[in-house]
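Student: Spelled out, the chains give:
2 protein chains.
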Amino acid sequence: MNTSELSIFLPYLYLAWSDDILTKKEFETLSVFISSRDWLKPEEKEFLLSKINLAVPPSRSELSDWKKTIERQIASSQKITTLFDLIVSLSDKDDTIITYKPQFEELENNLGLLSEEVINIFKESPKTITSEYGTVTEFDVAKLTSILDGEEAPIINKVKEVISRPEFEYETSTDIFVYRKKVLEWCKILADENLGNMAYPKKYGGGENIADYFAIMETLSYHDLSLVIKFGVQFGLWGMSIQSLGTEKHYEKYLRDVGTLDLPGCFAMTETHHGSNVKGIETTATYNHEDKTFTIHTPHENAQKEYIGNAANHGRMATVFAKLIIDGHDFGVNAFIVPLRDVEMNVLEGITIKDCGLKMGLNGVDNGIIQFHNVVIPKENMLDRFAQINEKGEFESPIPSDNRRFFTMLGTLVGGRIGIPRSALAAAKSGLTIAIKYSDTRRQFGPEGGSEVPILNYRMHQRRLFPYLAKVYAIHFGLQYVTQRFIHKKEEEMQEIEALAAGMKAYSTWNTRDTLQESREACGGKGYLSENRIDALKNDTEIYTTFEGDNTVLMQLVAKNRLSEFRKEFGEMNAFGIINYVYDQAKTVISQKNPFATRNTDEAHLLDREFHLNAFQYREKQILNSAAKRLKKLIDGGLDSYDAFNVVQHQMIEVAQAYLERVVLEQFYTAIENTKDENCKAILTELCQLYALSQIEKNKGWFLEDGYMEGVKTKAIRKMVNQLCWDLRPNAVALVDAFSIPESCLAAPIITEQ
Amino acid sequence: MNTSELSIFLPYLYLAWSDDILTKKEFETLSVFISSRDWLKPEEKEFLLSKINLAVPPSRSELSDWKKTIERQIASSQKITTLFDLIVSLSDKDDTIITYKPQFEELENNLGLLSEEVINIFKESPKTITSEYGTVTEFDVAKLTSILDGEEAPIINKVKEVISRPEFEYETSTDIFVYRKKVLEWCKILADENLGNMAYPKKYGGGENIADYFAIMETLSYHDLSLVIKFGVQFGLWGMSIQSLGTEKHYEKYLRDVGTLDLPGCFAMTETHHGSNVKGIETTATYNHEDKTFTIHTPHENAQKEYIGNAANHGRMATVFAKLIIDGHDFGVNAFIVPLRDVEMNVLEGITIKDCGLKMGLNGVDNGIIQFHNVVIPKENMLDRFAQINEKGEFESPIPSDNRRFFTMLGTLVGGRIGIPRSALAAAKSGLTIAIKYSDTRRQFGPEGGSEVPILNYRMHQRRLFPYLAKVYAIHFGLQYVTQRFIHKKEEEMQEIEALAAGMKAYSTWNTRDTLQESREACGGKGYLSENRIDALKNDTEIYTTFEGDNTVLMQLVAKNRLSEFRKEFGEMNAFGIINYVYDQAKTVISQKNPFATRNTDEAHLLDREFHLNAFQYREKQILNSAAKRLKKLIDGGLDSYDAFNVVQHQMIEVAQAYLERVVLEQFYTAIENTKDENCKAILTELCQLYALSQIEKNKGWFLEDGYMEGVKTKAIRKMVNQLCWDLRPNAVALVDAFSIPESCLAAPIITEQ
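Residue numbers (this note's numbering), protein chains in the order written: chain A, 6 to 759; chain B, 6 to 759.
Next comes chain A alone, as it looks inside the complex (with noise of 0.2 Å):
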């Protein structure tokens, strides 16, 4: 080929043979066109059609001769955007080639080739944005950190001085032998340090700090996490079933050594048939007035206690739940102290102990089944905070429901549904932590001729990553004011912090889940070896969205909670006060329910905290009004409440949502008020406005079903959300290095070993 009418093919010749796009079916289009080109000669037709030949292809260095000469020619000028200009270029600038564009536009759209695409190929190393894109600090990293940690601080960095030491190495042995009894060394390393017995008083060795000791759950689960359940259950279930349903004379008797790990224990409650539903046990501790004793009883396997962590090797007693049964009668459920094990270890006459054996996760704790066969206890033992047996042998309570006891039992035992998800918020961050640094440091695909880029500047990988990034900061903040309302609880607000406690435990174990699950994901192979710690973190928490309340059955009470709110709210209003409800919601409907307020796409708006605030608040009204109705118009049918509360099910779950999202939302926000300063203050506020529009993306289909907002503006969303985790990017390993996990827990050699 010598001619300019030959060359101008070239592109077309390269492209047939180089790339994977053209088709044997494009080469015939292509041979169709050349065919039927008046202005070619015979000769000239011959010769290209003889180049398009899929029985003789190029030789590879032809095909690279080719390629060199197109190269060429685009670096010869800045002006080659389209296949076209490369064609005119090829030609010479041959004034008759300008009038076969069209021809050539309308081939180009036929073997489906986006022109502008194309050149590209050709282009040496091109500067792309996206492979510009990379790492910027832009605020004070430490400063973030301080106000992470809050007044927690210097009890965090205790324990992160401790969980750094050579003796927390992790255990890699896939025996669980093994790891249980590293696990339990390590439990007493942290019960000598004084960190077990934190919230025990101070009469029996303890700190008297209820915040100290959820910070240290949270801390410490930046390390092992078999080691934060098996210390929650020594000195959290153990140790707080008797600080909170026993009396001065088992404080006395355990406290002390329950706090130094002298005394291991366990809190039995779950059995075979009964785990969401508690309230059906089956165990019996009947009164035998004769001696004044108990008889504990399991009156069938499925009535066994099982996953009782502690229990399988190195539980020595354990709180048992009961049903206690006087003469025959039922006393509903109460607590005792049943020993298992004698100082030797040997388990006592009357107690079975099985091994539940391998679990997904958590295998350093021995979770195990305990049968009881008639044991004997003294009377002393039945934790008779909330109810007693008198010295004529009858019951008494100042609580005389079975059904209310029982549930004041439990609530005096909510600090666990702070303590779980504290830690899953932490096992989040690891994860996150692992994943975003990987990201910022693997490369994968490039320009055409580039080098290749970090994975963490591919929008859909950002897009994975940072709307958990967004709401592990939202949910830190909404479990410190879950903290801070638990700790200065006044009885009034127990309920509403019973709920509270139970919905943020669901949120941020789901959380926790799917953020684990994505970070896995975006580590790709690297994330599926167990020396990078998702395994571990991801098979850990696993369990979390179930124990301590299943996330499902929680979600249905929280809802009951707000339902219930909900009437008392209508109940008590005069009518006075139903005028000014109604014409609050017809403010609101007007103010964002105009046409102008539903189609707003401005940047400004979208962005804004009272656009924000506002959405979740109306959301979570309005949802919760139309459950309410719901259930109403279906009782008012005939159904039975119980039926009824099964048909809104799906609801329910929504209402519970809606109200944890508005109180993290307002949570962060307040956050970001207190934040002084300015640095912080504004990434604080790019990563509350992408939890706050991420949200209302997933969202989207109610605001739009409710005619809250239209088609126009929640497209706008979805845009800014993309555009917000495009601004987060140079941020994001500055963002985790802010939850100042330490490097020995994080461990994770595809973000330590480069």
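Hints should not be assumed to be uniformly reliable.
[Claimed, not checked] Non-contacting residues of chain B with respect to chain A, defined by C-beta distances greater than 12 Å in every case (computed):
no., residue
1, Asp347
2, Glu354
3, Asn556
4, Thr675
[Said to hold, decoys possible] Below are the DSSO-like pairs computed for lysine-lysine, each with C-alpha atoms no more than 27 Å apart in a straight line:
no., chain 1, residue 1, chain 2, residue 2
5, A, Lys626, B, Lys724
6, A, Lys703, A, Lys686
7, A, Lys495, B, Lys30
Hints in this document: simulated from the structure, not taken from any laboratory. In this text the structure is predicted, and so the values were computed from the model without any measurement. Even glycine gets a Cβ: it sits at the ideal position worked out from N, Cα and C.
We have chain A; now place chain B onto it with these hints.
Tutor: Below, chain B without anything else, positioned relative to chain A:
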């Protein structure tokens, strides 16, 4: 209390003390109410107030008496449905009481009591709709199994027979070396049964039956998934790489021994720094003219072969992908057979093998890292189907472009993208079977006074599991279709089939991830115990979303393929065609987007096949159209095409998703059309409706944004999804029984020990 005026307060007194709804504040409400009744005498007030004194609760037996009184009253009359009915009845139908109705209703409001709900508390064992529901089978399970198995039934039954033998009892050791050994033994049994070489030419001992090979992969997946992957590495990746990339001399030399497992081998493509972007691998194969050999070399640690199955312990050879270098020129990626170990299993000189160590799952597969230090192999070890080195030491290939040659090579290996999603599907079926059968027997909670209810009767539980049940059936038919397309492929269809297989691989493996997650949570604590097998199913399939192509990357490829098809469709249209297309689109809009259609909530319409197909097709076209337009706009606006593709990555995922959902729905409906048995047809139709509507529900944000549906319709769809779940419940157990998974494979004590 003996006057009727006082007994009417009994329900309030009882409720105040018994349940956990009334708080301190509500006690006050009640006492204000009592104090301000002008129809109560002072001593009556005093008496009543003494009964709600928080400091002096009633005794437990008093409370019990109150309850009995109320229960007797309610039992005496069918007509008592509200709290006020009860009060009237307690007053001996005192006429004056009737006039107090507004007062009491206000009180109930203020206390937030839902009157009908309260009455239920006092009813004995109410027979509710929820508790009376249960398992009923309305179709012939064996017939449905035969519809699922189709022509592959004989091979499926053979595999089931083999894996049900005693020697296939699951390995429970946590020692990965014990586990790997067991898996190898299992593979050997399968090889002896001529299952491994099923796809190889008969000439070399094979069955020449690729359809059977896929059915084997899928059926084996009811058993241990390490076995499946080990099997796939040996007979699929290793054996098929020889068959697809090699020539007769290689078949002759290796295939028979590969098929009998006398020659265990590896497929060494992925490198530490190149997973998704395999085109960029850096291992070199340098041709030595003098002795006609290649030197295989790992230039640096990040170019080592990683995650290679069969490498750590058992592989004796590997197909190694490396850049071919001749005289300093790079001829792109080619494949070579490289020995790793001698017959005594000693690692050969120049080879370094490391163990990938513990993984989240698949620990029965010995994944390893391989480094080559100038390893010399003979010229004949080059797999030379697509490129050869001639006698003069020159490179020759019928495919001149290195890129295209490489992708052609990869294209021959696409079978893995059919085997993996089918294996994933089987794992999802196992998980659902365990979760649904357990939920059918697990009872928790129930109506007041009634017995506990199987958790599968709860709407939320149905919502969690049944859409996945429907989707698993849908994907089953989708994957049957892809398999058929692959087996009967024509060359010009290859690109489409490759994209389809890649997409279905992502679609199925993500679905398995989600299905197993939900199955685990649905089984609560029992789901966490390894013995119940969701652990292994979940953790083993976790990597399915990454290997054989990272799902997110595959979805981008699928979307690019759809875009290029879309461009060609437009390109090839002449003016007349375009007019027709526009007319078609307009017709769609007229017929489907008129106010009647967008707001149509008729049950018949919502369940209608045409509505489903139209909605899925419409969505697919619109999303594709909009992505194409957006891309063009970005590129026309001057963005580099690489950057432009980055901007739309999120939309690209939706393009692929909408395409796959449409294909799957069509195949499901096609399968239903071909079903003769009426009962099977009916149940499959119900499942298909649930699949269609739950996908629409999931995408309702999009449909609302687009205006294809209005809120009234998407709300009706949500209700219909609930209804379909409820309607499916009786047949749910039979529907998982129809998967016909061997008992010995399911093996979960929660469903076998009953």
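Student: It remains to establish, for every hint, whether it holds in the given structure.
Tutor: Going through the hints against the structure:
1. Asp347: Correct as stated: the minimum Cβ-Cβ distance to chain A is 29 Å, above 12 Å.
2. Glu354: Glu354(B) clear of chain A: closest Cβ-Cβ about 28 Å, beyond 12 Å.
3. Asn556: Violated, because the least Cβ-Cβ distance between Asn556(B) and chain A comes to about 8 Å, which does not exceed 12 Å.
4. Thr675: The claim stands: Thr675(B) keeps its Cβ more than 12 Å from every Cβ of chain A (closest is about 26 Å).
5. Lys626(A) / Lys724(B): With Cα atoms ~21 Å apart, Lys626(A) and Lys724(B) stay inside 27 Å; holds.
6. Lys703(A) / Lys686(A): Holds, at roughly 25 Å.
7. Lys495(A) / Lys30(B): Holds, because 12 Å separates the two Cα atoms, which is no more than 27 Å.
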